[in-house]
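Visitor: Hey, can you piece these two chains together into the complex? The hints should help.
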Amino acid sequence: MSLDPILLSLRLAATVSVILLLIALPVAYWLAFTKWRGKFLLESVVALPLVLPPTVLGFYALIAMGPRGPLGKVWQSLFGHSLAFTFEGLVLASLLYSFPFAVQPLVASFESLDRRLLDASSVLGASRWRTFARVIVPLSWPGLVTAVVLSLAHTLGEFGVVLMVGGNLPGVTRTASIDIYDRVQALDYAGAHEMALLLLVIAFVVLSIVYGVNRRVWSPWTAR
Amino acid sequence: MHRAAITILGALLSLWPYCSRAQTVRVAAASDLQFAMTELAARYEKETGTKVGLSFGSSGNFFALIQNGAPFDLFFSADRSYPERLIEAGMADRNSLYIYALGRLALWAPSEAGLKLAEKGFSALADPRVQKIAIANPEHAPYGRAAVAALQKAGVYEQVKSKLVFGENISQAAQFAQSGNAQIGMIALSLVLSESMKGGERWIVPADYYPPLKQAAVLINCAGSKTEASGFLEFVKSEAGRAILVRHGFTAPGSSSGVESKP
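Protein chains in written order, with our numbering: chain R, 205 to 428; chain V, 89 to 351.
Bound-form chain V, shown alone (with noise of 0.2 Å):
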């Protein structure tokens, strides 16, 4: 379906002009966003009457999309290297490329199955009753990468490896979890935070265990309503804007965190 869906963009944007003008902001953010995104996009349209289109996506297709030519104003990449690549291709400007948050990484599980994670952290892992561990793919998601890191840190990767499973991104590894299909869900704790995930047990894996979660955003070069665009990465850029990033589960650039490490 996303084959079809990108063939088709295709054919459509070859019909667009290239640079579209229009009074909507429209943004491009990695799944792990989601939720952070929503809220913000809202209380900026409700403080400015400007209005914000939200797409969401992994970063990678995001990437492609835009390398050819999609209309989107603003890119909230799930890491720095999609628009750092972006850049080098000309098809970004390179003075917006900001920092608006550090991911973080979390382990899920239903709560019935009691397998207790806040006590035993890692070695939950190793629980018999874990026949499956999703995590997104390392081969692209930053998050898979970050699982695979910490799982390699914390000593239990060889052992675990036979179990882990892959979403195509964060948040299908969150479904396989949520859906019981794998028993626990190394996964991103803005996705773990949200209301669907309320009803099972976290950890959150201490930030040293993987390399930081560097999340960029980057004004993408022929953003029709460029003053709009960055008015809004400005507002990501503020207080209340980071307020709420932290308030999902993303660590704000330099600051400590917000959301305890406790269940």
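Next comes chain R alone, as it looks inside the complex (with noise of 0.2 Å):
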């Protein structure tokens, strides 16, 4: 059995989390913090993607990114190549699918603080960069870690829309969903059994280390 499909949807599922992660917390932060009262409407932009099928995403993905499409043009012309099958492709689909899952939990701890620690801390002179990164960031700590963790898994785990714009391309597109479900497609059950016991494996194992560090409130700033 090749591993190549377990190993390019952990490298998906990582290089997702970490650039959802710098994406939803400016985000995150402002929808917590705004006074602004036309600001349910950008919540329920955000939350658009838990509605739309993945299929449907991934076709509209798809023609975004086709040569016709503005996403497909712009990028024809920086890099040379079309955007469709591949990787940067499916990280870019996989942004658009995962982005609830990094930026609810972001808010909905940022909106738990108390608010008197921040106008301490801007009372006694910090900075608003200061105050995030000092005050907000530390203990918001669990909803950070809960943010990487479902943006990994969702990803992980993403089937409709790496189906729509992967192409099923060996080491470029095809993730393990995608060979699961191409195994069970060619009647090898066997081969599918065995990948998705691999997939359920490594990830119980990864989310095992998130939560068990965390239950330990593990965080570089409190942990003393």
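Hints in this document: simulated from the structure, not taken from any laboratory.
Heads up, some of the hints might be wrong.
Said to hold, decoys possible - Lysine to any residue pairs mimicking SDA-like chemistry, simulated, CA-CA at most 25 Å apart:
#: 1; chain 1: R; residue 1: Lys277; chain 2: V; residue 2: Lys286
#: 2; chain 1: V; residue 1: Lys251; chain 2: R; residue 2: Thr290
#: 3; chain 1: R; residue 1: Lys277; chain 2: V; residue 2: Val236
#: 4; chain 1: R; residue 1: Lys239; chain 2: R; residue 2: Ser331
#: 5; chain 1: V; residue 1: Lys251; chain 2: R; residue 2: Ser206
#: 6; chain 1: V; residue 1: Lys251; chain 2: R; residue 2: Val250
#: 7; chain 1: V; residue 1: Lys249; chain 2: R; residue 2: Ser206
#: 8; chain 1: V; residue 1: Lys251; chain 2: R; residue 2: Val376
#: 9; chain 1: V; residue 1: Lys251; chain 2: R; residue 2: Phe291
#: 10; chain 1: V; residue 1: Lys204; chain 2: R; residue 2: His285
#: 11; chain 1: V; residue 1: Lys251; chain 2: V; residue 2: Val236
#: 12; chain 1: V; residue 1: Lys249; chain 2: R; residue 2: Ala390
#: 13; chain 1: V; residue 1: Lys251; chain 2: R; residue 2: Ala390
#: 14; chain 1: R; residue 1: Lys277; chain 2: V; residue 2: Ala340
#: 15; chain 1: V; residue 1: Lys251; chain 2: R; residue 2: Ser331
#: 16; chain 1: V; residue 1: Lys251; chain 2: R; residue 2: Pro274
Guide: In structure tokens, the structure reads:
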């Protein structure tokens, strides 16, 4: 059994969760602390990928990445090759698909912070950035972990979006979930079972490590 | 999503009376039959009043579903091995096995690309503007295997191998080409002739480039409405039924092709 699909899935999941965290932090910060009355509109937009079926999302991603699509045109002129059927294309589509899973836990944990601590921080002369880095992030550690774990897990198990934009290229876009589906299609049920079991074990180990570490409130700031 | 669908279906089916009775003929059909089968069903409904419920999908999926008790009466596969395996497993009626059509392979490209498929045939695939060629997954899709066989026979397989991208089934390969993400699709003629692919150029791959795509149908054993189901199968076998299949880009068994090999 080739391990390539599993390794590819892990690489995709890791890439997506890191990028997502970087994007989601400012978005969540803004959503949690803005006083703008229209904020519910943006909240709805963020949650939309939860509603749309992955195949639908993938279909529109495919069209957007196509030579007539806006994304495809820009990408083609920048890099000289098309975005669909590449690892970068998968990353982009997965970012869209897993976005709410990164943003929502962060917003929830930012909103539950004790505002007096934030006020104290600014009264003591800390800049907003310093307050964010030294007060908000350490206090929201479980929320951060949840956001990363959810985007990791969600991307690892992703199927519909990858199926729609991937093109099933070995080592490039054939992820574990696609490989399992392929084997079922080819009636190689034994191979499908093996790959599914492997995916299950890896997912369980990763999740256990993260949750286990999180339970001991592992944090570079508070665990002294 | 498919995975989830199979799980949910499985859970529902376990609650279902194993062989349900219904007035509707429930047909599972390969995705290359999308348009032909819809017309066949509509015509049959009009003539006999018997309702025909259609489900389209990949033959391999249907095979797994039927083997696990999915309530279909008739299975129109894109090849003949799935129906034969159902017969071996005792799930389908051996006597009903029937080759209803031969699938035909075609090259398709959006016409604005100006690849001149009809003139150039296989050599269009080597055009530097063609970065990706969409085919169905040759590991399990009959049209994918046919495409690879044709490329090998034409002697261009090694040259274009790195350009190939794989659709999960033949419809998805068509979608890759139609959305422009792949510059050429090697797909079923039955899809090329559909409304949404009209705005493109095509070249029908000569039949001697790939082993015949024999597509077989079979009656499922627990068919709730066996007489109605075999009635529909008889209609597909009839002159009228064959004419519809030919019009949609299939070769009727034991006949010459209907659609001319020019664009």
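Visitor: The structure should be examined with respect to each hint, and the outcome stated for every one.
Guide: Structure-based check of all given hints:
Restraint check for R:Lys277 and V:Lys286: the C-alpha separation of about 24 Å stays at or below 25 Å, so the hint holds. Only pairs whose Cα atoms come within 25 Å are accepted, and V:Lys251 paired with R:Thr290 is accepted, the gap being roughly 12 Å. The straight-line distance between the Cα atoms of R:Lys277 and V:Val236 is roughly 30 Å, outside the 25 Å bound, and the hint therefore fails. With a CA separation close to 19 Å, the supplied pair R:Lys239 and R:Ser331 stays within the 25 Å bound.
Only pairs whose Cα atoms come within 25 Å are accepted, and V:Lys251 paired with R:Ser206 is accepted, the gap being roughly 22 Å. Distance check on the hinted pair: V:Lys251 and R:Val250 sit about 36 Å apart at the alpha-carbon level, beyond 25 Å; violated. A hinted pair counts as satisfied when its Cα atoms are at most 25 Å apart, and V:Lys249 with R:Ser206 qualifies at roughly 20 Å. A threshold of 25 Å between alpha carbons decides the hint, and for V:Lys251 with R:Val376 the separation of about 13 Å falls inside it, so the pair holds.
For the given pair, V:Lys251 sits about 15 Å from R:Phe291 by alpha-carbon distance, which is consistent with the 25 Å threshold. For the suggested pair V:Lys204 and R:His285, the alpha carbons sit about 23 Å apart, so the restraint of at most 25 Å is met. Distance hint between V:Lys251 and V:Val236 is fulfilled; the C-alpha atoms sit about 12 Å from each other, no more than 25 Å. This hinted pair checks out: V:Lys249 and R:Ala390 have alpha carbons roughly 21 Å apart, not beyond 25 Å.
Between V:Lys251 and R:Ala390 the CA atoms are separated by roughly 23 Å; this keeps the pair inside 25 Å, and the hint holds. With a CA separation close to 43 Å, the supplied pair R:Lys277 and V:Ala340 exceeds the 25 Å bound. A distance of roughly 53 Å separates the Cα atoms of V:Lys251 and R:Ser331; the hinted pair therefore is violated under the 25 Å criterion. A hinted pair counts as satisfied when its Cα atoms are at most 25 Å apart, and V:Lys251 with R:Pro274 qualifies at roughly 23 Å.
Consistency with the previously given hints fails for numbers 3, 6, 14, 15, ordered from lowest to highest.
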